[in-house]
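Peer 1: Single-letter residue listing:
Number of protein chains: 2
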Amino acid sequence: MTPKAKQEIERADVIVGYATYVKLIQSVIKPDTEVVSGRMGREVERARTAVMHAIENKRVVVISSGDAGVYGMAGVVLEAAALEKVAVPIEIVPGVTAATVAAAKLGAPLVSDFSVISLSDLLTPWSVIEKRLEAAAEADFVIVLYNPQSPGRTAPLTKAHEILLKYRKPETPVGIVRLAGRDGEEAVVTTLKAMVDAEVDMVTTVVVGNSTTRVVNGRIVTPRGYDFSK
Amino acid sequence: MTPKAKQEIERADVIVGYATYVKLIQSVIKPDTEVVSGRMGREVERARTAVMHAIENKRVVVISSGDAGVYGMAGVVLEAAALEKVAVPIEIVPGVTAATVAAAKLGAPLVSDFSVISLSDLLTPWSVIEKRLEAAAEADFVIVLYNPQSPGRTAPLTKAHEILLKYRKPETPVGIVRLAGRDGEEAVVTTLKAMVDAEVDMVTTVVVGNSTTRVVNGRIVTPRGYDFSK
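Order-wise, the sequence lines are chains A and F. Be aware that the first sequence starts at 34, since it is given in the numbering used here, and climbs by one per residue. Be aware that the second sequence starts at 34, since it is given in the numbering used here, and climbs by one per residue.
Isolated chain A, as found in the complex (with noise of 0.2 Å):
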């Protein structure tokens, strides 16, 4: 968490989060502080809440995990407050998102370009969602996956798994974080062809190599080009 966002919760007269992130944060949270806990699936009603409350002069914090802009609550509060007929300022404050922190944990996998998909299809539809991890795929992307499985949804990682191995080799370094960035946070490093055997659910970011993508010294590393023999 950035000092940014720390002191922004400190400050807050409501807090308005997914259950599970407001645990997250618990301990930074003021005791006089009004909290409003929602459940999965409940974003939109979460976003026109927070957007009542700050219509209503207070100061409002919204809970993300990572980043709020990246898959993240930013958008639904910005539309939220749109549809409202009294303006409210509102500041979308940066954070450390599950792609950055879980390329920490396995090396160095980002340092060329990259894609990031999310492959639940609750949202977008799968073929969107196909098309993208094609293109990326084809096109020689490092490619990080948010979202990749839950108990009911396991068909997206297996198609994205069959269309990773159409354009990669077997053998491409795949990185795998549970709880990046959070406590009994785990990382695996293994390869396309052995990430179906990895355990992987909703809070597990995967990160699959390029072609140059290499292992070195038990570490994920996507060569930036320098020469080093000079």
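Treat each hint with caution, since some may be false.
No copy is singled out in the list; a pair is fine if it fits within one copy or between any two copies.
Here are the simulated DSS-like pairs of lysine-lysine, each with C-alpha atoms no more than 27 Å apart in a straight line [what the hints assert, rightly or not]:
id, residue 1, residue 2
1, 63, 199
2, 91, 263
3, 263, 118
4, 91, 39
5, 202, 226
6, 202, 192
7, 91, 63
8, 118, 63
9, 164, 202
10, 37, 63
11, 56, 37
Derived from the structure by calculation, the hints contain no laboratory data.
Got chain A; can you put chain F on it based on the hints?
Peer 2: Just chain F, lined up with the frame of chain A:
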């Protein structure tokens, strides 16, 4: 800067970094810390210097701006260390990368899948960059351009603009942020057609919306697909 990064800088025996970035953290560096600042383009030299000091059992911190793993020093340091016979422990400390800082300033353009592409053809052949631009544009990724232009390198941005216009409408929202997260930060919301009129240099991050991205109350938002009618 995250608390973890600040802590590591304060604990360092030696700080190695590009002179401009060392200046940005001057206030955090303890008076008795050795500082080795270097020039742009001498990344391999800086990485080797850092590894040499680490082999002498010094606590060394290598500085990058933004996130060290996104076009930063993380990879070159891991590679330099791997060439030595003596193993040195290396920890990559994640940071807040320009893409998400710029996105936060602009609104919420990255709330859907996105690709990060550097337009610098110093280390990556232009043909590879071009292929990635085509693929990302065609597959409707939001696109973040790093290192878009320098006084001696203006052709890549002109070519990128042409490629993007093949796949995206001229009125596609584009955000241009100079000095994201630093003193003097400036953000402009414009369109794909008009982006060529904006001032763009090496410290600028350009965010190009996808087919669904729109401007909401002056902010760039890529809808995540939530239903506001309920």
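Peer 1: Does each hint hold? Answer for all of them.
Peer 2: These are the hints, each one checked on the structure:
Taking the closest pair of Cα atoms, residue 63 and residue 199 never come within 27 Å of each other, the shortest separation being 52 Å inside a single copy and 52 Å across copies. In this homomeric assembly, residue 91 and residue 263 come within 27 Å of each other (Cα to Cα) only across copies, at 25 Å, whereas the closest approach inside a single copy is 60 Å. In this assembly of identical chains, the alpha carbons of residue 263 and residue 118 lie at most 27 Å apart only when taken from different copies (18 Å versus 63 Å within one copy). Proximity of residue 91 and residue 39 under a CA criterion of 27 Å is satisfied intra-copy only: 18 Å inside one chain copy versus 32 Å between copies.
Taking the closest pair of Cα atoms, residue 202 and residue 226 come within 27 Å of each other only inside a single copy of the chain (8 Å); across copies the shortest separation is 39 Å, beyond that limit. In this assembly of identical chains, residue 202 and residue 192 lie within 27 Å of each other by CA distance solely inside one copy; the values are 16 Å within and 31 Å between copies. In the homo-oligomer, the alpha carbons of residue 91 and residue 63 lie at most 27 Å apart inside one protomer (15 Å), although the nearest pairing across protomers, at 40 Å, exceeds that limit. Taking the shortest alpha-carbon separations for residue 118 and residue 63, neither the intra-copy value of 31 Å nor the inter-copy value of 51 Å comes in at or below 27 Å.
In this homomeric assembly, residue 164 and residue 202 come within 27 Å of each other (Cα to Cα) both inside a single copy, at 20 Å, and across copies, at 19 Å. Proximity of residue 37 to residue 63 under the C-alpha cut-off of 27 Å is found in both arrangements, the shortest distances being 16 Å within a copy and 23 Å between copies. In this homomeric assembly, residue 56 and residue 37 come within 27 Å of each other (Cα to Cα) both inside a single copy, at 19 Å, and across copies, at 21 Å.
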